[in-house]
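Generate coordinates for the entire structure from the input sequences, incorporating the hints supplied.
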Amino acid sequence: MIPGLLATLIFVVSLYLIFSEKLNRTIAGIAGAAVMVGAGMALGFYSEEEAIAAIDFNTLGLLLGMMTLVALLEPTGFFQYLAVWAGRWSRGHPVRLLVLLGTVTTVLSMFLDNVTTVVLIAPVTILISEILGVSAVPLLMAEALLADTGGVATLIGDPPNVLIASAAGFSFNDFLTHALPIVAAAWLTALLLVRYLFRVELGQRPPNAEAVLQLNPAQALDDPVTARKVLVVLGGAILLFFIHNRIHLSPAFIALGAAAAALVWVRPDTHKTFQRIEWGVLIFFIALFVMVGGLEAAGVLRAVAGLMARADGVPPMLFGVMMIWGVAALSAVVDNVPITIAMIPVIESLGVVGMNIRPLWWALAFGAGFGGNGTIIGSTANIVVASLSERTRTPITSALWNKRGLPVMLATCAVTSVLYVLAFPLLSR
Amino acid sequence: MKIGDCMKRTVVSIPATATVGEAAALFAARHVGMLPVVDESGRPVGVLQLRDLLALVMPDFVRLVGDIDFVHDFGAMEAPQPSPEAMARPVREVMQPSLSVEETCGLLRAFALMRQRDLHDLPVVAPDGRLVGIASRVDIGAALLASWRPPPKGDAP
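In the order they appear, the protein sequences are chains X and U. Be aware that the first sequence starts at 8, since it is given in my numbering, and climbs by one per residue. Be aware that the second sequence starts at 12, since it is given in my numbering, and climbs by one per residue.
Hints were generated in silico from the structure; no laboratory data involved. In this text, all values refer to a predicted model and were calculated from it rather than measured experimentally. In this text, a Cβ means the ideal position worked out from N, Cα and C, and glycines have one as well. One thing to keep in mind: the hints can contain errors.
[Said to hold, decoys possible] To be clear about the criterion: a stretch of chain X counts as covered by chain U if any three or more of its residues have a C-beta under 8 Å from a C-beta of chain U, and this derived list gives those stretches:
hint, stretch
1, 131-137
2, 210-223
[To be verified] Calculated Cβ distances over 10 Å to all of chain U for the following chain X residues:
hint, residue
3, V19
4, L67
5, P188
[Stated by the list, open to error] Calculated Cβ distances over 10 Å to all of chain U for the following chain X residues:
hint, residue
6, L16
7, A38
8, M48
9, R103
10, V232
11, F260
12, G313
13, V340
14, L413
15, V428
This is the structure in structure tokens:
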């Protein structure tokens, strides 16, 4: 009883520090993990070996490998090149620009980190808007909303998906057959809704449409040689992801192997390349794994699952829909990574008591992914575009996000819930 | 040689209470790159550079995008006008903190200070703090270079 209470207290205090931003999340995480292991050893419910075993190296390897590829691709100007190309192709037409930039951001964020994608596309978006003489706000918000929505479609699109795939044993193709169709519908809903909510801004005829035709994409690509090399490796890795189950390779091995191949081929300044990798994020993941491992060892998660299993009378379908909305509401206000890491053992223990948990994994992925759209702090991509826009003459405010982003979250969750119910037999397989 | 020996003694300055619009007109009329901002007693309280005013109309993307050589047409941002509110702001709100030296300041020290603060002109003050002159990088640099002695003949490498 006492280990359970203590472990819960340590976890709750750490989460409070992370979510209230009283302490940097990596620092709060690592401190919580240290206290958890210390308490576990003192009371005998958690050992160092168990703490290390709780770390999911499959997730870490996949993240590290993909981060390395992005770190190599980032300085080549490839992201900028795509955004400039989208600007030219739009010929200054605001709605066409919205669709093109939204699509570019989404496709990139399906395979690469959402935050990096938005960090690199958003400044060029501001550039295109300024030379056109239109507001950048609809485009910036659309990029963050669509990147977060689209990222749910693939195993590597979003950290919660990596975590879920690793825990549930889902393959890359499972995501393409189960998540992608539903995400595509949600994505289209989000795009149409953004188009409607910003109809005034997007209805303006830009006074200077010809200026975008003078943008030179080739000049925006600073290092085409390196870009080509990294893209070839990335393409190879994505092909391997498609067949990783058949050839018995883990996603982590493919990502790290691709990172190794790209590093050997490009031979960059390693100091600069590794500086671009977000070590803080990786350490944060490790700390959360160790803390949740402590909760599990103390028997807390079994108790929670026991409570949830009492809701046996609830039909599984309703349970899944409730999970979509519950997780979405949580991840609108807090980081979706800790939520996912904490939910995974709960779902696993529901499996142990006999529930078919496959549809619940998908509900978790949808809720964690789409919930972030609801508020300006809901996802890191949102925070990035908002803080970039604060450095311009037309900042995105929290109130504006509640008016334009929250409806997108509600609509995508609603569409997803309907499709979830309709596709429930498929999602259960 | 000291800065007092190479500075210009006619200084165009502007009172701290003047507006941005008045400053812009003065820059254009006198064709200068920097205006020392002075209080009622003629003591410098800040410096106003051309670029402080141009920053008011500079597109945001120039700060946000590292390399802008692929942008061949600034489009809507090409001939921007500052807002009437910006034009009516007192220069006190736009100026940079004051940096000035006395007439006895050495040339290399003066040049180093300007380089560090990224200034192109340096106000010079009397011991009582009143503005008495202004020296540009070119004034100081040319005076420094003029003091270099040619190498002795026959010693060439």
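Taking the hints in turn, this is what the structure says about them:
A count of 4 residues in the stretch 131-137 of chain X with a Cβ less than 8 Å from any Cβ of chain U is obtained; the coverage claim is therefore met, three being the minimum. With a cut-off of 8 Å between beta carbons, the stretch 210-223 of chain X has 9 residues touching chain U; three or more are needed, and the interface restraint holds. No Cβ of chain U approaches the Cβ of V19 of chain X within 10 Å, the least distance being about 39 Å, so the stated non-interface status holds. With a minimum CB-CB distance of about 31 Å to chain U, L67 of chain X clears the 10 Å threshold, and the non-interface call stands.
With a cut of 10 Å on Cβ distances, P188 of chain X stays outside the contact zone with chain U, its closest approach being about 37 Å. Against the 10 Å criterion, L16 of chain X stays outside the reach of chain U, whose nearest CB is about 44 Å from its own CB. For A38 of chain X, the condition that its CB be more than 10 Å from all CB atoms of chain U holds, with the nearest at approximately 35 Å. The Cβ of M48 of chain X sits about 49 Å from the closest Cβ of chain U, beyond the 10 Å cut-off, so the non-interface label holds.
No Cβ of chain U comes within 10 Å of the Cβ of R103 of chain X; the nearest lies about 17 Å off, and the non-interface call holds. Residue-level check passed: V232 of chain X sits 17 Å from the nearest beta carbon of chain U, beyond 10 Å. In this structure F260 of chain X is separated from chain U by more than 10 Å, as the shortest Cβ-Cβ distance comes to about 35 Å. No beta-carbon of chain U comes within 10 Å of the beta-carbon of G313 of chain X; the shortest separation is about 52 Å.
At roughly 28 Å, the least C-beta separation between V340 of chain X and chain U is larger than 10 Å, which holds for a residue marked as non-interface. Distance check for L413 of chain X against chain U: the nearest CB is about 26 Å away, which clears 10 Å, and the non-interface claim stands. The Cβ of V428 of chain X sits about 44 Å from the closest Cβ of chain U, beyond the 10 Å cut-off, so the non-interface label holds.
Comparing the model with each numbered hint stated earlier shows that all of them hold.
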